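There are 2 protein chains.
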Amino acid sequence: MSYQEIFAQRKSIEQVEEGKELAPKFDKDGFIPVVTTDYQTGELLMHAYMNAEALAKTIDLGEAVYYSRSRKCLWHKGATSGLVQKVKEIRIDDDQDSVWLRVDVQGGASCHVGYRSCFYRSVPFSSAAKGQQPVKLKFEEIQKVFDPKKVYGDAPNPTKL
Amino acid sequence: MSYQEIFAQRKSIEQVEEGKELAPKFDKDGFIPVVTTDYQTGELLMHAYMNAEALAKTIDLGEAVYYSRSRKCLWHKGATSGLVQKVKEIRIDDDQDSVWLRVDVQGGASCHVGYRSCFYRSVPFSSAAKGQQPVKLKFEEIQKVFDPKKVYGDAPNPTKL
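Going line by line, the protein sequences match chains B and G. Following our numbering, the numbering of the first sequence begins with -4 at its first residue and continues without gaps. Following our numbering, the numbering of the second sequence begins with -4 at its first residue and continues without gaps.
Where hints are given, some of them may not hold.
Because identical chains share one entry, a pair is satisfied inside a single copy or across any pair of copies.
To be verified - Lysine-lysine pairs mimicking DSS-like chemistry, simulated, CA-CA at most 25 Å apart:
#, residue 1, residue 2
1, Lys145, Lys155
2, Lys125, Lys15
3, Lys139, Lys81
4, Lys52, Lys139
5, Lys52, Lys23
6, Lys139, Lys15
7, Lys15, Lys52
8, Lys20, Lys6
9, Lys15, Lys83
By construction, these hints were calculated from the structure, which means they are not laboratory data. The model shown is predicted, which means the values in this text are computed figures rather than measured ones.
Given only the sequences and the hints, what does the whole structure look like? Please build it.
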C-alpha cells in the first residue's frame, strides 16, 4: 500500500473535521508534528515530526517512524538505541495537521539525553520565579534511565543551537 | 518582566540540554510548538503554537496563551469560548524547542469543533484497515461537549485546507 493511496485529498473543512477520511496536512516542508505519550501513564515522551512516508510506515509497522529534520532522513525510533516505540493507538486532530501516538517504550526511555521523557524540566510561573532573569528550570526527573554515551557512542547530537 | 529578559541566549548544547536556564528555540517564523494535556487524565487536548510573547504571558498569567497562525494574533484560549485553560505545570523538552502544558480546562472542552479533545479520531493500523484507500478514521469521542455554532457564532473557522 503506497502512502499516496492511503491519504485522501483535502477537499472541504467538513470532510477534514467531521469526516472519516484520513487527509493529513503536511506543512510547506512536507512535515506534520507528532506528539508521543506513554500508553500506560499518559506521560508526554516526545515531540517530533513525520513526513508522508514516515506516517505511512508507522501505520503499516505499528512502530513509531519519524522524520529527523536534523539528520534529514527517516528515523525508525529505536534502530540505534533499541528503544523501539510500539504504537498502541494513532490519533489525528480536528484539522488533521498533527498526530498523536500512544506507545509502549521498550527499555522505558525516549529521550536521547537519557531521561524517560524529553520533558524532564519544568518552567516556574512568574509568581514562583520571583524575578529570576533568565527563569530557572527545575529538574522533574532526577536520574537518567541510560547513559547516552554508551548507547549512541560518537553519533552527532541531534540538538541544534 | 519582559520576555527578552526571562529567556536566556542559547550558547551550548550542554546549557540547553543539561542546564537550568530557560532558553527556548523559536523557529524561523518565531514559533514554538506546544502540546497541551489534561492535568487530571493525561489526555492530549491540543497541539498549538506560541511565539515568545505568548510563552511569556503564559508563564506570567498561569493561563494558556497561544499564537494563532491562522488568525495571526495572540490567542488567550477561552477569551471567546469561556473555555480557559488553567495551567498547572509548564515543561520544556531536551533541546528546548517544544513546550508541554498540563492544564485544567474550565468547561471540559478544548476543541473548536466541540469535542473534549482535538484528537477525537483514531487511525487504524494497516493490519486492521484491510486495504482501505483512503484509510477510514474511527470516532473515539461520540458526543460533542458543546455546540460550536452557539459558542463561536459566525467567527471564521480556523481550519485551513
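Going through the hints against the structure:
1. With identical chains, the CA atoms of Lys145 and Lys155 are at most 25 Å apart within one copy only, with a shortest distance of 21 Å there and 45 Å across copies.
2. In this assembly of identical chains, the alpha carbons of Lys125 and Lys15 lie at most 25 Å apart only when taken from different copies (16 Å versus 49 Å within one copy).
3. For the identical chains of this complex, Lys139 and Lys81 are intra-copy neighbours only, at 21 Å inside a copy versus 30 Å across copies, given an alpha-carbon limit of 25 Å.
4. For a Cα distance limit of 25 Å, the shortest separation of Lys52 from Lys139 qualifies neither inside one copy, at 30 Å, nor across copies, at 32 Å.
5. Taking the shortest alpha-carbon separations for Lys52 and Lys23, only the intra-copy value of 21 Å comes in at or below 25 Å, while the best inter-copy value is 29 Å.
6. Taking the shortest alpha-carbon separations for Lys139 and Lys15, only the inter-copy value of 16 Å comes in at or below 25 Å, while the best intra-copy value is 41 Å.
7. Taking the closest pair of Cα atoms, Lys15 and Lys52 come within 25 Å of each other only inside a single copy of the chain (20 Å); across copies the shortest separation is 37 Å, beyond that limit.
8. Taking CA atoms no more than 25 Å apart as the test, Lys20 paired with Lys6 passes inside one copy only; the shortest distance there is 11 Å, against 34 Å between copies.
9. Taking identical chains as interchangeable, the C-alpha atoms of Lys15 and Lys83 lie at most 25 Å apart only when both belong to the same chain, with a minimum of 20 Å there against 34 Å between chains.
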